[in-house]
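Student: In case you want the letters, here they are:
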Amino acid sequence: MIVEIGHYALVLALAVALINSVLPVIGARRNDAGMMELATTGAYALFVLVLLSFLSLVWAYEASDFSVKNVWENSHSAMPAIFRFSAVWGNHEGSMMLWLLILTFFSALVALFGRNLPESLKANALAVQSWMGVAFALFILLTSNPFIRLSPVPAEGEDLNPILQDVGLAIHPPLLYLGYVGFSVSFSFAIAALLDGRLDAAWARWVRPWTLAAWTFLTAGIAMGSYWAYYELGWGGWWFWDPVENASLMPWLAGTALLHSALVMEKREALKIWTVLLSIVTFSLSLLGTFLVRSGVLTSVHSFTTDPTRGVFILGILMLFIGGAFALFAWRAPLLKAGGLFAPISREGSLVLNNLILTVSMGSVLIGTLYPLVLETLTGEKISVGAPFFNLTFGLLMVPLLIAVPFGPLLAWKRGDLLGALQRLYVAAGLALVAGLVFFYAKNGGPVLAVLGLAAGFFLVFGALADLWYRAGFGKVSVSTGWKRLTGLPRSAFGTALGHAGLGITVLGIVAVTTFETENVVEMTQGQTVQAGGFAVKFDGMRATKGPNFTEEQGHFSISRDGVQVADTWSSKRLYTARRMPTTEAGIVTFGTSQLYISLGDPMSNGGIVVRIWWKPYVLLIWGGALVMMAGGFVSLSDRRLRVGAPARRAKPVKAYAAEAAE
Amino acid sequence: MTRKQKRLAVIAGGMSFILAAVLLIMFAFGQSVAYFYMPGDIAKANLTPGTRIRLGGLVAEGSVVRGEGSTVSFKVTDGNTEIPVSYTGILPDLFREGQGVVTEGRFAEGGPQFTADTVLAKHDENYMPKEVADRLKEQGLWQHTEEGKP
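These protein sequence lines map, in sequence, to chains A and B.
Residues 1 to 663 (full-length UniProt numbering) make up the first sequence, in order.
Residues 1 to 150 (full-length UniProt numbering) make up the second sequence, in order.
Just so you know, these hints were derived from the structure itself, not from any lab.
Treat each hint with caution, since some may be false.
Derived coverage of chain A by chain B (criterion: at least 3 residues anywhere in the stretch with Cβ under 8 Å from a Cβ of chain B; other residues may be distant) [unchecked claim]:
id, region
1, 313-327
2, 355-369
3, 521-529
4, 581-591
5, 605-614
Calculated from the model, a selection of chain B residues having no Cβ within reach of chain A, i.e. all distances over 12 Å [stated by the list, open to error]:
id, residue
6, Ala20
7, Ile42
8, Ala60
9, Ser63
10, Ser70
11, Ser86
12, Gln113
Built from N, CA and C at the ideal position, the CB exists for glycine as well.
Using the sequences plus the hints, can you model the full thing?
Tutor: Next comes the structure, spelled out in structure tokens:
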């Protein structure tokens, strides 16, 4: 019964979304306040209905109601409650429900926080959100309905794919979707502005917090997914350039560009057309990602069993929205007036450089991801474009950006002083180079290029600190005044510094782990010891255990340094009984930010076992940096929390104004 | 420099960055793209030894031999032709005889021996690498057992 209510709620949601797609737009045309007001109510109603529908599916999973086909296919009564919960979106149908839920969630937030928006802009934006709601509700109901019942009712479920039976599934998809789908808001605002034909700095001020929030979640989602793949798959890698990873990286790159160009638009009214275009492109890439993952044109961890009608349907949605958006853009964009002028060397100029590099490197990822698909469709030839391609192109293209980042915040708006910025940064650059060299020699060895990579990472961190240092005026004023000025800086200044420093930390982690990582593949027998990363790893033997829905062969390892045992760990191979599917559970021991990563291979005939042992120095910095970037996002968001949707700048205390002028 | 010249310089700079990126992408495609072959294609393909390719097919029944240390050798078959493959490392969890597999690596000088540095067998018990599945269907060797779903 509950499941039927959920099903019905989804149908109702489709009806509400249909109404909400049309009436507010007409209202905005006719300047009818009542019809425009409907968009707000509609957005709330839509969210409540979809939430109801989603919760009924959650209930079916928690109650292990195997008469629901979707539950039977993806759950098992022996699974712990938390996995039964996350299993809701561990399959195609459920993940589309999550997509729709988050879409309507963002619409409701826009309705809630957008009280000060111009009525027509808000009505149009919410209507655009509803168009997407219609498309995806239809998609779910017609091709991917999770509420279909089975008869006769099976006694037991088929279990969830064991790879997904992990807390990672509870965290990674919701975060990722909050990011992916969050960009729908800037998309809707862009379309609404094009429909309205009005675009000014205030528009950028409304859009930026949404973009920032989506970007922050997407950063978190990608980092979480990367760490999950790292510890769960047992291959010790943290990024595989898998098409699905690329699908999430592309909106991130475009979103990062958007974040920066919207800043120019907000402060200087320049780059208007470009910013609107980027809003469209960013969300189009989110849609493209959804298509790549959901249509089954790619094979990866993320493609569940698929049927072709779904692919065609999503391709239809994709073409409709992306094609429509670009057509509208081509038609309306020439009407928009270009804004403020600026010299090439200026804050704006540096942000243009940022946008150029980010979009071009995004393009390289896009080409590498789509080329095999296009080639196969056209010629039937099958090729694989893998890590070597992306490392070469994306890696090289990003280098100038890493060097340029610290300069940006030090340049003034309109006309900047590059020499002045250089003078302020040479200490940071020198320190970075020294730090890189010290790090390199302490680890003795590796390619010389690594010194430069490490120096680039340190430069980003020190550059971010230097920015704060000069803003506070340390060195020119007394320490106490400097401190006072530092604490008086707007939060967005700290957000910028954290974002840039976080990038630097991630770069450091990537360079360090690629350069200094060691890998041993050895055949070990009980009692044998292997050296890795300055530790002695001793294999103590195997034991067999049982989990709720799997059997497990565990190997015990004790780790000692200079003869003293410092840690021990279990590394195991599991066999999930319902699906007869084996998985590897790596044994991971953390020392500071470095990790020892032990995964088991096949047993040998002589009683030994093949063991793979990695020493991964500073590997945690990769995700630590992402955490710092996220923190930057949240700090910036908290700065403008009160301004979200506020069209007029409120009068500010003089002190804060002075700090902003110094920006 | 006048404003116009400055603007031209900026545009030229941007364009040359994009051009450099395009050249880099084309160069990288030439360098690092691996073509996919089934065992039967190898004889016709006229590969120079040392070219990096992907070789896909089924792991031939009874062909998996574990050698010294962690080196494993097996044969990849498409039903007619078999290619011997050697691989050092840990095989994926789902590597099994009779199952689909994609290996990536190079042929040794002057011999049919394929040395793989990557072996892919993906994350689902019914999983068949897409390239392999497509080709097996073409050749009429497709025997995927449909799960007994009501």
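Student: Hint by hint, note whether the structure agrees.
Tutor: A quick look at each hint next to the structure:
With a cut-off of 8 Å between beta carbons, the region 313-327 of chain A has 0 residues touching chain B; three or more are needed, and the interface restraint is violated. For a cut-off of 8 Å, the count of residues in the region 355-369 of chain A with a CB near a CB of chain B stands at 8, and the three-residue condition holds. Chain B is given as covering the region 521-529 of chain A, and this holds because 3 residues of the stretch bring a CB closer than 8 Å to a CB of that chain, at least three being needed. By the rule of at least three residues with a Cβ nearer than 8 Å to a Cβ of chain B, the coverage given for the region 581-591 of chain A holds, with 4 such residues.
Check on the region 605-614 of chain A: 3 of its residues sit with their Cβ under 8 Å from a Cβ of chain B, so the three-residue criterion for coverage holds. Separation of Ala20 (chain B) from chain A is inadequate, the least Cβ-Cβ distance of about 9 Å not exceeding the 12 Å criterion. Chain A leaves Ile42 (chain B) outside its interface by the beta-carbon criterion, the shortest separation being 14 Å against a cut-off of 12 Å. The claim that Ala60 (chain B) lies off the interface holds: its Cβ sits roughly 18 Å from the closest Cβ of chain A, which is beyond the 12 Å cut-off.
Every Cβ of chain A is farther than 12 Å from the Cβ of Ser63 (chain B); the closest lies at roughly 15 Å, confirming the non-interface assignment. Ser70 (chain B), annotated as away from the interface, has a beta carbon of chain A within 12 Å; the closest lies near 5 Å. Against the 12 Å criterion, Ser86 (chain B) stays outside the reach of chain A, whose nearest CB is about 14 Å from its own CB. Its beta-carbon lying about 20 Å from the closest one in chain A, Gln113 (chain B) satisfies the requirement of being farther than 12 Å from that chain.
When the structure is compared with the earlier hints, violations turn up for hints 1, 6, 10 and for no others.
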